[in-house]
Amino acid sequence: MGSVGAKDVPVLLTPDGRRIDGRKLDELRPIRIRAGVSHQADGSAFVEWGANKVMAAVYGPREVHPRHLQQNNKAVIQCKYNMAAFSVDERKRPGLDRRSQEISKVIGEAFDSVIFTEEFPRTSIDVYIEVLQANAGTRCAGLVAASVALADAGIPMVDLLPAVAVGKVAGAIALDLKKEEDNFGEADLPMALVPQSGRLVLLQMEGHMTEEELGQALDLGVRGCRDIYEVMKAALRERYAVGAPGGAA
Amino acid sequence: MSGEVTAEILTSHILDLASSGKRLDGRTADEYRPISVEPGFVVTADGSALAHIGDTAVLSGIKLEPGKPFPDTPNAGVLTTNAELVPLSSPMFEPGPPQPGAIEVSRVVDRAIRAAETIDLTRLCVTPGEKSWVCYTDIHVLDHGGNLIDAALLAAVTALLHATVPAKRFGIAEADYALEVGHVPIECTFVRLGDTIVVDPTVDEERAGQGRLTVATDEAGRVVAMQKGLVGAFSPDDVKDVVRRAFRHGERMRAIARGTGR
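Protein sequence lines, in the order shown, are assigned to chains A and B. Numbering-wise (this note's numbering), the first sequence opens with residue 337 and increments by one. Numbering-wise (this note's numbering), the second sequence opens with residue 602 and increments by one.
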């Protein structure tokens, strides 16, 4: 946004521990997930998470394009994270940029860690994430949408992959930063958890944290992921409920 | 769900049905699928709308930013239209730079908006030769169930009708104001199935089609853009018939875009 400068730093944390939108430090933004939103894809999901709107679709297992990426002993996971031009305050030029490519890579690798790829040699499982409205935490929202879409597509996986970012605002460790907190915060730590094993398959970090703070942040993130996991499962149950369109008869 | 190809047997079934005035989904030759628009779908845009025509979903977002006028039109703002047929929306689309199909959608939509004088570009000029607004219309296809052009323009004009010029944010005026919108063009697309010409084709009908024809009309009674696409041919009488039908559908869809009809 053109006019926002350092002079406008908002009050990120009140003395009684409330954040800019009234949340407590360990509180998530509201999350709504709908599975099976696309008529074309093999699996799909739409996630509204705070002011983020993200859609994901899965195609496959299908033929690998380009062919040279094909692997004889497993499926390849091809993930593309993309932001719509109008999803951010300052219009984003459409097309490939380095940030999107990096995010696509780490999300694809997270899914490769939980999908039984060996069951589908010489195929590709294509995961597409479109960020339509962004407000910090889009890679986690995209990953959550894609994970529900993969389950909707019937891709066998170890588990769903809930994800969330933990950050540091006004010196305090806080769950699930929104845009103002992300812009003026001191650290950002996105992660994706395999609930069944308790292990992390996506982990990035930027900013400043002490060893103690990092430990605290990891614990907080894991707890956040476990809450998101419940929302993901509920979305799939709703999609395949008896009597639901596309669900059991 | 439609696949990457349409079976020969389905194509001949579609053509057989058309010969007796019927369609796979039970519509008549001159009937659209259900149409709806949702303005303001994306708050990060200066104007936005999600348009549905049957299974097809297209999101359009408007962004206005200060820029420089073109040297040959120092008193005019700049209008650009860009369509992304992202691979999320169809098994037929692949990642990478825009393919001819996406470029065609962008250009056909852009032509209708320009020719109908939807936006008076001189009103987008701030300082002649120095500063003017650049109005970006970005079109993002979310679900490709056929007939992208009509859904794309419907989303785009609805977004423009609900757009705000962020003049305060960029320090150009004291307050933001609504974008001025002139004529509202609507595109209607038809495909030939044997001797029948059907409106609002699905993906399978597009693949079975023997020529596609898009006609853009505005409320001033003008035809403002046309595009014949795909392999096939139309007689001048076919074209006249299609234009007549496009005016009628256009009137109804314009009311939907304005929020005054359904």
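These are calculated hints, taken from the structure and not from any lab test. Mixed in with the good hints there might be a few duds.
[As the list claims (entries may be wrong)] Now the stretches of chain B that chain A is said to cover, found in silico as 3 or more residues with beta-carbon under 8 Å:
#, segment
1, 633 to 645
2, 675 to 682
3, 692 to 698
4, 735 to 743
Don't be surprised by glycine CBs; every beta carbon is placed ideally from N, CA and C.
A quick look at each hint next to the structure:
Taking a C-beta to C-beta cut-off of 8 Å, the segment 633 to 645 of chain B contributes 4 residues in contact with chain A, enough for the three needed, and the coverage statement holds. Taking a C-beta to C-beta cut-off of 8 Å, the segment 675 to 682 of chain B contributes 0 residues in contact with chain A, too few for the three needed, and the coverage statement is violated. Remark: the segment 692 to 698 of chain B is confirmed as covered by chain A, as 4 of its residues place a Cβ nearer than 8 Å to a Cβ of that chain, reaching the required three. Closer than 8 Å: that is the beta-carbon criterion, and the segment 735 to 743 of chain B has 4 residues meeting it against chain A, so the requirement of 3 holds.
Checked against the numbered hints above, the structure violates only hint 2.
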